[in-house]
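With the hints as your guide, set chain B onto chain A.
In the order they appear, the protein sequences are chains A and B.
This note's numbering numbers the first residue of the first sequence as 19 and each following residue consecutively.
This note's numbering numbers the first residue of the second sequence as 134 and each following residue consecutively.
These are computed hints drawn from the structure, not numbers from a lab.
Incorrect hints may appear among the rest.
[What the hints assert, rightly or not] Listed next, with one range per pair, are the computed distances between beta-carbon atoms: (1) A/73 <-> B/210: 44 to 52 Å; (2) A/73 <-> B/229: 23 to 31 Å; (3) B/172 <-> A/19: 36 to 44 Å; (4) A/73 <-> B/147: 24 to 32 Å; (5) B/206 <-> A/89: 32 to 40 Å; (6) B/212 <-> A/35: 44 to 52 Å; (7) A/71 <-> B/161: 21 to 29 Å.
Ideal Cβ placement from N, Cα and C applies to all residues, glycine included.
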Amino acid sequence: GENVEQHPSTLSVQEGDSAVIKCTYSDSASNYFPWYKQELGKRPQLIIDIRSNVGEKKDQRIAVTLNKTAKHFSLHITETQPEDSAVYFCAGSGGYQKVTFGTGTKLQVIP
Amino acid sequence: ETGVTQTPRHLVMGMTNKKSLKCEQHLGHNAMYWYKQSAKKPLELMFVYNFKEQTENNSVPSRFSPECPNSSHLFLHLHTLQPEDSALYLCASSQGTGPYEQYFGPGTRLTVT
Chain A
19 GENVEQHPST LSVQEGDSAV IKCTYSDSAS NYFPWYKQEL GKRPQLIIDI
69 RSNVGEKKDQ RIAVTLNKTA KHFSLHITET QPEDSAVYFC AGSGGYQKVT
119 FGTGTKLQVI P
Chain B
134 ETGVTQTPRH LVMGMTNKKS LKCEQHLGHN AMYWYKQSAK KPLELMFVYN
184 FKEQTENNSV PSRFSPECPN SSHLFLHLHT LQPEDSALYL CASSQGTGPY
234 EQYFGPGTRL TVT
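Only chain A is shown next, with the shape it has when bound in the complex (with noise of 0.2 Å):
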């Protein structure tokens, strides 16, 4: 099956900076990675996704990239806002089978 695995697993950077979490997984068949943010006390939400079929995506502030060849891809944060403090969860997917989650990166803003 597939493994998920994420890095750092705790972020520290100054507000104004930039922030980057990066995924590794393990199964050549998965083509879809989405990303999600748990604030404290929170649910996890969707922030944001890409398929296989594209290399980067963005969405305003966010964006991801993605490198099927080495296997791996990366949540980028730019101009971090304190309210971009939170756990942030990767994963990956193959076809219809589970989603399989990485375990996690908490990502704490200085103001």
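Using the frame of chain A, we list chain B on its own:
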């Protein structure tokens, strides 16, 4: 309430008790999931149901027993739990298994004494 709801939101139970967690989704989805969230394993999949049929049991101990009577409702029956089972239990639903957004409920905070 719309989306995915869970009851109760908080539950304290002794190791000999029997209790049930309930999840309901109002999104017309076909797949439902139970996750366990703890400090050690931030998002651990327990069970997957697709069109009411269990498609995944992630080596979960038998003291957790899921039930999915229809595509909108999912239960997790608990009996003779251990203190290490204390965690946040999240329910989620999606259009189907695979490349679809999962919508999570608010979770049930379970404490086993």
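Hint-by-hint comparison with the structure:
Between residue 73 of chain A and residue 210 of chain B the Cβ separation comes to about 45 Å, which falls inside the hinted range of 44 to 52 Å. Taken as a hint, the range 23 to 31 Å holds for the pair residue 73 of chain A and residue 229 of chain B, whose Cβ atoms sit roughly 26 Å apart. Checked against the hint of 36 to 44 Å, the pair residue 172 of chain B and residue 19 of chain A fails, with Cβ atoms roughly 24 Å apart. Taken as a hint, the range 24 to 32 Å is violated for the pair residue 73 of chain A and residue 147 of chain B, whose Cβ atoms sit roughly 53 Å apart.
Between residue 206 of chain B and residue 89 of chain A the beta carbons are some 37 Å apart, a value that agrees with the proposed interval 32 to 40 Å. Take residue 212 of chain B and residue 35 of chain A: their Cβ atoms lie about 49 Å apart, and the range 44 to 52 Å holds. With their beta carbons about 27 Å apart, residue 71 of chain A and residue 161 of chain B fall inside the hinted range of 21 to 29 Å.
Checked against the numbered hints listed earlier, the structure breaks hints 3, 4; every other hint is satisfied.
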